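**Student:** So the chains spell out like this:
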Amino acid sequence: MKLKPIICGALVAVGYLTSSATAQIKIGVAEALTGNAAQYGLPIRKGFELAIGEINGAGGVNGKKIELIIEDEQGKKEEAINVFRKLIFQDKVLMLFGPTLSNSAQASDPVAQGAKVVVFGTSNTADGITSIGNYVFRNSVTEADILPVTLKVAAKSTGLKRVAVIYGNDDIFTKSGYDNFTKALQALNIPVTTTETFAKGDVDFKPQLTKIKASNADAIVLSALVAEGGPIMVQARQLGVMLPFIGGNGMNSPRVFELAKDNSDNLWVGSPWSVENPAGENKRFIGAFQKAHNAAPDQFAAQAYDAMYIVAQALKKVKLTGKLEADRSTLRDALPATQWSGATGPFKFRQVVDKEGKPAGYDAVQTAIVMSTKGNQYVIQK
Amino acid sequence: MFAQQLVNAISLGGVYALFALGFTLVFGVLNVVNLAHGAIFMLGAYAALQSVLLLKLPLLAALLFAMLVTAIAGWFLDRLIFAPLRVRQAPHLAPMIATIGLAIALNSTIQGLFGAENLRFPAETLPADALSFAAIRITQLEIQIILLAFALMAVLLWGLKQTRVGWALRGLAESPKAAALLGVNVEGFFRATAVLASLLGGVAGVLIALYSNSVFPSMGQPMLHKGIAVVILGGMGDVRGALLGGFFLGFAEVFSVAYIGSTMRDAVAFGLLFAILLLRPQGLFGQAAQRRA
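Protein chains in written order, with the numbering used here: chain A, 1 to 382; chain B, 1001 to 1293.
Hint data in this document are derived by calculation from the structure and do not stem from the laboratory. A quick note: this is a predicted structure, and the numbers were derived from the prediction, not measured. Even glycine gets a Cβ: it sits at the ideal position worked out from N, Cα and C. Just to be clear, a hint being listed does not mean it is correct.
To be verified - Lysine-lysine pairs mimicking DSS-like chemistry, simulated, CA-CA at most 30 Å apart: (1) A:183 / A:46; (2) B:1056 / A:261; (3) B:1056 / A:374.
Unchecked claim - The following residues of chain A were derived to be distant from chain B, with all beta-carbon distances above 10 Å: (4) 153; (5) 199; (6) 204; (7) 275.
All chains should be modelled from the sequences, with the hints used to inform the complete structure.
**Tutor:** Here is the structure:
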């Protein structure tokens, strides 16, 4: 019985020694690792892990290693809030990455803002996320910036005159994509023949697609996540609807080629990242990812990878004191001016304003690459 | 467009009806609201998919494999949950709550094994030919789905009406005590009903997975909600009611999209259902003294 306190004491001492020997910077990662959004969350996690491996392998940041504390927010608002609270108050992380879906970010980012902790989204592209406050950052280019470019290029190449629209109306991301498409369609003076909706978890889209077929559109504008978007493309082709699809960020994933295999041609998407982009940083990223995971990366992995480097870059410029609150705001102040050129190309931040017009968080400034699909791969379009 | 929507409605209605059949059988005979029926439906889809991916089975064999897996699941469902509760004469709610637990366990197991992502049957395993006449386009697969759904329903209806097993089942649904007195092996029939119902749920799962090209762990949930609605509409425990209710819901959904708007899909379908229940609270085929199955 007497042994117990000794062992406990020894364990505490060992724990103390290891933690003090390698001073670490703790960064929280809250992504959807299970649930439907896991198809985005899992590549994001791989992107972070790849970058952190490289950064720590090269000696860390100013001699400190970065430690990731990864939590699963399941793609749910409530879970995202819980996980944010745990990372901020219990794990006492310096800053947070995540969450995966804009829908969750809308709910959980105010928690980080309230606690004055930087929250950095790598996949939130809906409107209004960064207007939550000045601790909210993202390097994911918003749909508002990308969709008009996609639409313009697709319209020019396919000569479309009018389009049908189908979107998920119970998800903030697909709904916001729809709003942005509508704005872009109005700006380009393209009439809409019919607007159809579906809900998360739906599996039968044939009634909507039959209606679209009868509406004589030249193309279908699709604001969906790939889980529904894939089956929508397959069912459209089954009904004999061979029109081009013009999609948002959710459709920019190699998963399209699995879920809509052999029916995936003629889908147009815009993205800050393309596997076909021959820039040196991108080639290096793709090679390293392939080596580490034995699979091709996607846009979400690329953006997470770049985001980690952006933060590392900002951390290099600051001196951390070990006082958590001060360090958290020091990092915040250093981030906006940080520039980086990674897998997604040259990157910098742009401050946005909130609903009252006051300066708030930071969005990405990046050029979109428009691609269309052919033979189960993306081809860059100019 | 009308003709194509008609085809859409028939195929969707067929799958709903098939799902509701199993659900209503368990209620009619075992007097249990089986909230794990959606999970069994999902299990069928995964069994077929994995047998195609891992065992390289052709589609028909995969369907039979899925039937086998869900039939075994049905056996265990009765052996491990319904039977012990029956013996202890547990109140109605106990087996229902137990099936919620089973559904969660099944969902989580499948998610743990195969991931949360949407999967699909490999494109090359599906018959790709499509027939076109006039404005209708129907794939070979859809025709097979419709035929199979109808064939299964016909066999079930005929079996209940014309065979001794069917009579025994109907007698059992009416009164287990009377059936036992007449020499019916009550426990055996209870078990067989759970097996048959699960198997029908499994087939529905495979068919919707083929029809929609997606398989995911939570796919049974919306189906379960619709199944409950269909069964209540038809009259709890009534087989003809489940069939008719299934097609009613399929038609209501498709035609509300076609002529009212897709935003209103569920609102119209469930609104109609509500209206019918206001007029006939016992459902289409329900009667004051219920004759079931």
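**Student:** Against this structure, judge whether each hint is valid.
**Tutor:** Here is what the structure says about each hint:
For the suggested pair residue 183 of chain A and residue 46 of chain A, the alpha carbons sit about 35 Å apart, so the restraint of at most 30 Å is broken. Of the supplied pair hints, the one linking residue 1056 of chain B and residue 261 of chain A holds, its CA atoms being roughly 18 Å apart against a limit of 30 Å. For the hint pairing residue 1056 of chain B with residue 374 of chain A, the CA-to-CA distance comes to about 28 Å; that is within 30 Å, so the pair holds. For residue 153 of chain A, the condition that its CB be more than 10 Å from all CB atoms of chain B holds, with the nearest at approximately 28 Å.
For residue 199 of chain A, the shortest C-beta to C-beta distance to chain B comes to about 7 Å, within the 10 Å cut-off, and the non-interface label is violated. Not every CB of chain B lies more than 10 Å from the CB of residue 204 of chain A, the least distance being 6 Å, so the non-interface label is violated. Listed as a non-interface residue, residue 275 of chain A keeps its Cβ farther than 10 Å from every Cβ of chain B; the least gap is roughly 19 Å.
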